[in-house]
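Q: Each chain, written out:
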Amino acid sequence: TGGHTTEILRLLSCLSESYSPRHYVLADSDKMSEAKIRSFEQKRAETFSKSQFSLDRIPRSREVRQSWISSVVTTLYSILYSLPLTYKRKPDLILCNGPGTCVPVCLSAFLLGLLRIKRTVIVYVESICRVETLSLSGKILYYFSDYFIVQWPDLKKKYPKSVYLGRIV
Amino acid sequence: FRFKESLAEELQSAELVISHAGAGSCLETLEKGKPLIVVINDKLMDNHQLELAKQLHRDGCVLYCNCSTLVETLQSMNLSALKPFPPGQPEKFASFLDKVFGLQ
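For the protein sequence lines, the chains are X and C, in the order given.
Per the working numbering, the very first residue in the first sequence carries number 1; after that it's consecutive.
Per the working numbering, the very first residue in the second sequence carries number 1; after that it's consecutive.
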């Protein structure tokens, strides 16, 4: 959604074409990100002609202010969609930055890793908005990600297993 | 106007921006070098928006307030005291990922 999409496209901006094809996963209710992504990829194709990408949608895991209990239910429902999707794409790398949508995708990849079907490197970059506390997605994925990147030093102190590279968006 | 794709044009011609504390809005505005007043939305669940606004304020890059103190802020603001906001460095992220995958 919105801010998350802007941030993640900035993260992608300096990546080489080794990181291709790119599969974007969006929440079904997200109306604005698709245009931003297409615009980004279109520009990218001007430099890297063989550039490839795809867009998939899954049910949104959680609305803002949704209660704990119903969030678990809706997240489980999203996993029903993200599991076959992740199995189909078998990504080498999952890059995410915090919208609820990333939790089912990462958990699916983690599960496929446990089942020895595909080992995916999960890289989580906490939003630049998060200076002192982690988002809910961050709190969960701190334990499931291979690399957990924070953008402010306070978070590095509180979450010692995280990586601090300064501001990267 | 609500869901215009990009506010870049409007931002370019603005002299002052008053915005919510969403990362995209803040970053876009600060990167264009426009003075920014951030207004916090008290109703979002854990109000994490406050964290970024507070930090940017600590760094001297923005003014911040909530809906009820906006008028007061507009009346007493000193925009020339705002500091420039250095850009983020996504190249550091690319470099980090390249090391992870042995791609240097």
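It cannot be assumed that every hint is accurate.
[What the hints assert, rightly or not] Here are the simulated lysine to any residue pairs, SDA-like style, with alpha carbons at most 20 Å apart: (1) Lys90/X to Glu132/X; (2) Lys92/C to Trp152/X; (3) Lys54/C to Pro153/X.
[What the hints assert, rightly or not] Covered by chain X, per the in silico footprint, the following chain C stretches (three or more residues, Cβ under 8 Å): (4) 51 to 65; (5) 88 to 102.
Don't read these hints as lab results, they were simulated from the structure.
Here a beta-carbon is modelled for each residue, glycine too, at the ideal position from N, C-alpha and C.
Q: Do the alpha carbons of Lys54/C and Pro153/X lie within 20 Å of each other, as the hint requires?
A: Within the cut-off at roughly 15 Å; holds.
Q: Has the segment 88 to 102 of chain C got at least three residues whose CB is nearer than 8 Å to a CB belonging to chain X?
A: holds (count 12)
Q: Can you confirm whether the C-alpha distance between Lys90/X and Glu132/X stays at or below 20 Å?
A: With a Cα-Cα distance of about 34 Å, the restraint between Lys90/X and Glu132/X is violated, given a limit of 20 Å.
Q: So if I understand the rule, the pair passes when the alpha-carbon distance is 20 Å or less; does Lys92/C with Trp152/X pass?
A: 14 Å, holds
Q: Closer than 8 Å Cβ to Cβ for three or more residues is the test here. Does the segment 51 to 65 of chain C pass it with chain X?
A: holds (count 4)
Comparing the model with each earlier hint shows a violation of hint 1 alone; every other hint is respected.
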